[in-house]
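Here the structure of chain A is known, so what remains is to put chain B in place on it, guided by the hints.
For reference, the chains in residue letters:
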Amino acid sequence: MSIKYIVREGISGIKRTKLAATTSIFSLFVAVLLLGILTRIGFNVYSQAMSIKELVEVEVFLLDVDERTMDQIRQQIESEELVIDATYISKDSASAIMREEFGAGVEELAELNFLPASYRLSVNTDAGAESIETMVSRLQNIRGVDEVEYNAALLRVMESNLNTFSMVGGGIGILILLAALVLVYNTIRLTIYAKRDLIRAMKLVGATHKFIRSPFIVEGILQGLIAGSLAVLSIFFIFELAMPYYLPDLGLLEWPFGRWYFLAGAMLLLSMMMGWWGSRWAARRFIKETYISE
Amino acid sequence: MSETAVIELKNVTLNYDKNRVLDDVNFKLHNGEFAYLIGPTGIGKSTFLKLLYRDVVPDSGTVRVTEYPVNKISEREVPMLRRRLGIVFQDFQLLKDRNVFDNVAFSLQVTGEKPKFIKERVLEVLTMVGLSHRRKHLPRDLSGGEQQRVVIARALANEPRILLADEPTGNLDPKATKEIMELLRTINNRGMAVLMITHDYAVVKKYKARTVRMVNGKTQDLVWKGDKLVPVK
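Respectively, the protein sequence lines represent chains A and B.
For the first sequence, numbering that gives the first Met the number 0 assigns the number 293 to the last residue and increments by one with no breaks.
For the second sequence, numbering that gives the first Met the number 0 assigns the number 232 to the last residue and increments by one with no breaks.
The hints are simulated quantities; they were obtained by calculation from the structure and are not laboratory data.
All figures in this text were calculated on a predicted structure; none of them were measured in a lab.
Hints should not be assumed to be uniformly reliable.
What the hints assert, rightly or not - Some but not every residue of chain B turned toward chain A, in silico, with C-beta under 8 Å:
(1) LYS49
(2) TYR52
(3) MET79
(4) ARG81
(5) ARG82
(6) GLN92
Beta carbons are placed, not taken as given, at the ideal position from N, Cα and C, and that holds for glycine.
The following block holds chain A by itself, in its conformation from the complex (with noise of 0.2 Å):
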């Protein structure tokens, strides 16, 4: 099988089939543009949503315990496995930290030397608000744990928005997704069935199916590839030029992952597995229901 044969039929197929190919190119161009956006918004979303989340502290109060107790207090803490970072706080730190707060005025108010010791502690919120809340009540039963305090209202909430969004983003990305395929399945099928009496001549002289599917899946993969870019072009428009000029107050949403080219990559990736897939697919069924004599 001559690999340049099928390149070159590949590439003068779109050629041959104009209106066809640009029907593929155009419907592959959408929907990876759609799911391009759809991504470094919901990449956005979710970075913002994760670092809300970071901020989420929790607080281990002590009662007046000896320097022993403390440190295995200590110990307990940091034997949890949710626990980044246990910062402990004295008495005397807690006092300057309100202060600092509160302004220099504060002592005329209350006076200070009531501020507990704590440990302050970085936990990872990727665990979710139930398994922290599991953590809390096995530190509160610490002996010699006054209070264990954290925004827990703040972490269900974060919780529970970041699911309905990855849900219906989600949801949305595999609808964008199936609804694409079976364009571009239709739209490749119609550029192959403006080729019939192509198929139908290669039958002819004994092409075999695998030799007739070739170049249609060398020009699926091409289609892929126009798409693909006119879909990060049109991402870079979008993002960088048009939505900072119009909607300033949004500010510029990062690239996912922070490189331009991990977006671009899986864009142009998928739109090509697209057209390799949509026109394999298509290709297949026809060439097989496509007989010499009809």
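Chain B only, in chain A's frame:
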């Protein structure tokens, strides 16, 4: 299969939409033989050819083409069978967006031949059909007779053992018909078996050869008796 037969049908029965098209047909075409398959329109002549290039499979009986047991081979082997056959239709089936050279070359490209060989072979078969000077023209620039000659050139490019022609002169004027018939005879004289479907009595009479008629789902050999074709006793 007998040693010299390139096509052999044994007790072949085929139904189409509950109608019996072929009924216990037995037929042989020998190596290098020229035969006409005649009969009125709709009698099943084209279906007979479809059996040979495996566009349909019989309900019972066996079909053999060269070394291929056509009704038993797998889908993967069908292209190999078709490479043993040159197939010519009435409606040309040329690719309109490719020139004469590319239309013929294409049959060799699909079999994976090298470009140098393809070029030589295409020019050879185009010369054989008298169209090497028209190799850069598109099908629409050619007459019906010329287009049919391109189709024959494409069918010959792979050096098949058998040429199957389904009404190859059906759309042609008398002059073009003469050219095509002479070309088919030349090809046959070089040793290739030819099975031609026609309902043109004048052609059968002018270019005499073995003639088989399809009647009531069966084949019947005919011979010339004076000006008439009569069944072989």
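Comparing the hints with the structure gives:
Contact between LYS49 of chain B and chain A, as hinted, is supported at the beta carbon level, the nearest pair being about 6 Å apart and thus within 8 Å. Annotation: interface hint on TYR52 of chain B holds; nearest CB of chain A at approximately 6 Å, less than 8 Å. Checking MET79 of chain B against chain A: minimum C-beta separation of about 7 Å stays under 8 Å; hint holds. The restraint placing ARG81 of chain B at the interface with chain A holds, with a minimum CB-CB distance near 4 Å, inside the 8 Å limit.
A hinted interface residue such as ARG82 of chain B counts as satisfied when its beta carbon comes closer than 8 Å to some beta carbon of chain A; here the least separation is about 4 Å, so the hint holds. For the restraint placing GLN92 of chain B at the interface with chain A, the shortest Cβ-Cβ distance is roughly 6 Å, inside the 8 Å limit, so the hint holds.
Of the hints listed earlier, there is not a single one the structure fails to meet.
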